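Protein chains: 2
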Amino acid sequence: MKETTLKQIATELGISITTVSKALKNYPDVSESTKKAVKDLAIALHYTPNSFAVNLRTKESKTIGLILPTVLHDFFSKVIDGILEEAEKRNYLVIILQSNEKYELEKKQIDLLLSKRVDGILLSLSNETGEFHHLKTIFEHNTPLVLFDKIAKIVNCSKVSINDKKAAYDAVTYLIKKGYKKIAHFRGSYMPQNSIDRFLGYKKALEDHDINYDSSLVFVCDNNTDFEDGYENARKAIAEQPEIDAIFAVTDLVAIGAIKYFNERGIKIPQQIAIFGFSNWFMSSLITPKLSTIDQPGFEIGRTAAAILFDEIYSKKNNLPIVFQSIELETSIIERQST
Amino acid sequence: MKETTLKQIATELGISITTVSKALKNYPDVSESTKKAVKDLAIALHYTPNSFAVNLRTKESKTIGLILPTVLHDFFSKVIDGILEEAEKRNYLVIILQSNEKYELEKKQIDLLLSKRVDGILLSLSNETGEFHHLKTIFEHNTPLVLFDKIAKIVNCSKVSINDKKAAYDAVTYLIKKGYKKIAHFRGSYMPQNSIDRFLGYKKALEDHDINYDSSLVFVCDNNTDFEDGYENARKAIAEQPEIDAIFAVTDLVAIGAIKYFNERGIKIPQQIAIFGFSNWFMSSLITPKLSTIDQPGFEIGRTAAAILFDEIYSKKNNLPIVFQSIELETSIIERQST
Numbered sequence: 001m002k003e004t005t006l007k008q009i010a011t012e013l014g015i016s017i018t019t020v021s022k023a024l025k026n027y028p029d030v031s032e033s034t035k036k037a038v039k040d041l042a043i044a045l046h047y048t049p050n051s052f053a054v055n056l057r058t059k060e061s062k063t064i065g066l067i068l069p070t071v072l073h074d075f076f077s078k079v080i081d082g083i084l085e086e087a088e089k090r091n092y093l094v095i096i097l098q099s100n101e102k103y104e105l106e107k108k109q110i111d112l113l114l115s116k117r118v119d120g121i122l123l124s125l126s127n128e129t130g131e132f133h134h135l136k137t138i139f140e141h142n143t144p145l146v147l148f149d150k151i152a153k154i155v156n157c158s159k160v161s162i163n164d165k166k167a168a169y170d171a172v173t174y175l176i177k178k179g180y181k182k183i184a185h186f187r188g189s190y191m192p193q194n195s196i197d198r199f200l201g202y203k204k205a206l207e208d209h210d211i212n213y214d215s216s217l218v219f220v221c222d223n224n225t226d227f228e229d230g231y232e233n234a235r236k237a238i239a240e241q242p243e244i245d246a247i248f249a250v251t252d253l254v255a256i257g258a259i260k261y262f263n264e265r266g267i268k269i270p271q272q273i274a275i276f277g278f279s280n281w282f283m284s285s286l287i288t289p290k291l292s293t294i295d296q297p298g299f300e301i302g303r304t305a306a307a308i309l310f311d312e313i314y315s316k317k318n319n320l321p322i323v324f325q326s327i328e329l330e331t332s333i334i335e336r337q338s339t
Numbered sequence: 001m002k003e004t005t006l007k008q009i010a011t012e013l014g015i016s017i018t019t020v021s022k023a024l025k026n027y028p029d030v031s032e033s034t035k036k037a038v039k040d041l042a043i044a045l046h047y048t049p050n051s052f053a054v055n056l057r058t059k060e061s062k063t064i065g066l067i068l069p070t071v072l073h074d075f076f077s078k079v080i081d082g083i084l085e086e087a088e089k090r091n092y093l094v095i096i097l098q099s100n101e102k103y104e105l106e107k108k109q110i111d112l113l114l115s116k117r118v119d120g121i122l123l124s125l126s127n128e129t130g131e132f133h134h135l136k137t138i139f140e141h142n143t144p145l146v147l148f149d150k151i152a153k154i155v156n157c158s159k160v161s162i163n164d165k166k167a168a169y170d171a172v173t174y175l176i177k178k179g180y181k182k183i184a185h186f187r188g189s190y191m192p193q194n195s196i197d198r199f200l201g202y203k204k205a206l207e208d209h210d211i212n213y214d215s216s217l218v219f220v221c222d223n224n225t226d227f228e229d230g231y232e233n234a235r236k237a238i239a240e241q242p243e244i245d246a247i248f249a250v251t252d253l254v255a256i257g258a259i260k261y262f263n264e265r266g267i268k269i270p271q272q273i274a275i276f277g278f279s280n281w282f283m284s285s286l287i288t289p290k291l292s293t294i295d296q297p298g299f300e301i302g303r304t305a306a307a308i309l310f311d312e313i314y315s316k317k318n319n320l321p322i323v324f325q326s327i328e329l330e331t332s333i334i335e336r337q338s339t
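Protein chains in written order, with full-length UniProt numbering: chain R, 1 to 339; chain Y, 1 to 339.
Honestly, I wouldn't trust all of these hints.
It does not matter which identical chain is used: a pair holds within one copy or between any two.
[What the hints assert, rightly or not] Okay, derived cross-link-like pairs now, DSS-like style, lysine-lysine, Cα gap no bigger than 27 Å in a straight line:
| hint | residue 1 | residue 2 |
| --- | --- | --- |
| 1 | 35 | 108 |
| 2 | 62 | 89 |
| 3 | 116 | 39 |
| 4 | 62 | 317 |
| 5 | 108 | 25 |
Calculated from the structure, these hints are not laboratory results. Keep in mind it's a predicted model, so treat the numbers as computed, not measured.
Looking at chain R on its own, in the form it has when it is part of the complex:
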């Protein structure tokens, strides 16, 4: 079947297109019987108003854009779920794009969303993104933007994240109070703010408990394959610094990589070495030993970021002032067998 147009309905009923259009919009100058006839026929013919034409009139696309570093991650699945729940409530659609952790692709995806005239953008920055000129384009288009999870503090917009520094500080303080003395850190790469903050939290916790920070106990995971980074750094750490008695890993997947290495070598967790993760990935409670970790509320991060974005879209539409918000959601320590 071809698309039903107003003209078809008009022709079938022998009335003008204007009357059909008015009937569908419930104008008072069209009789009830005509309205009924038009609406019945519209339903029978599966007429749907041309949404592009509607969009042209209202200048709204009722669509938002979401750019993630990757969809292949339990945490981001939860974030998507939270965003879709909020969008669903408001009858907004979500266009999803990946940056694959690449700056150039992130830039391209932003341009694509802007050319589609989305009403707002939700963005978690790629690990490569170190400068923010490409975000300026979003502001110049007067399009609301909310950064979440991997944010940049210097960008002037709303942000939703956790307090990574505090969460890492809590994790390392917990390890110190458990009696661990030589705590290594498997850190993330040097670019994203959350990786920097988790490292700073680690360092601060050591300093506040009179333990000297030793840079040779810090191992970088920068191959974007967390699991293998964890496995490889576990091998390196034990070879280079055999007296390490605990590891604070930047993600659960890094921690699980390390657990796999130690399990294979018969190194006992937590008796010989304790492992602490970050994000409370679903699998962290299913592996052996179960992983102690920081609970990072992915669903809530997605939900909150979307809610703020929709508020800003509403404010913009109604010419209300927009006040940027920086929300830090609570995290908590989950103690399991690995520590």
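Could you slot chain Y onto chain R? The hints should help.
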């Protein structure tokens, strides 16, 4: 900054809107110097052609819709990744929606996508979906549809899946050849085709190897929480049928739930009971014991479904005939410690 319009550019340069429009489209009757002036100003003012107006002209939205039962699943993350890769190549955008395994929500999401005039729809059916009248609406709109993973054989459109019956048959035959005699099946709910087919493959493998099918060895997982279903059915299976020596589970997550129960009870895998999963979820190689399973190529399913959809969109646009395809991608047995 407000949106830049052709009028603004025309006013600033003191030329007509028609000339601006022609200059941007590289018409030969506009001088090179005017073209350059217009283009430079368009760039400086961040002018982007109004994509809704473009859409009205071309009747294409360059957007496809994707409806998943849930985003909270490793398999569907891979599917999304495959779809986004194909869309990216063609500069198409993907609107993502969830049905939350509910028929009514699936119906609503389809209507929403049709009202947005997407160029095509990719759909994996919800577990609740038992009748397909809501898909008729898609055909009546003349919108290409490709079903993937959870498909319905009776619907007349292109489909991408695996041969679930054959894969299950292979898995159970493998267990029989390993010497297991009392093989239970933790099956999925009664609705989705893949759950039915995996059950039929299990039954056929038993019959072909002269093992009587015994319905009391089949346990249903229908709470949509695979992990807990697996855990709970493991408890039930051992209590009701203690002589069971192997379990073929409908998904890896069901299998992992069962593993957790047996690990907690000190029941040795595979010595006392073997476990076989389905889908080769990332974590299946990281748990203890590592899970034997069927490799289900999620990325490839997504990629293939999207490629077929884009072919059909192209054919429709160019008035070429559309021949529906039913693709079954290859699966393979992954043997690990649990069997």
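Tested hints:
no., hint, in the structure
1, 35 - 108, "between (47 Å within a copy, 25 Å between copies)"
2, 62 - 89, "both (12 Å within a copy, 25 Å between copies)"
3, 116 - 39, "between (31 Å within a copy, 20 Å between copies)"
4, 62 - 317, "both (12 Å within a copy, 26 Å between copies)"
5, 108 - 25, "between (39 Å within a copy, 22 Å between copies)"
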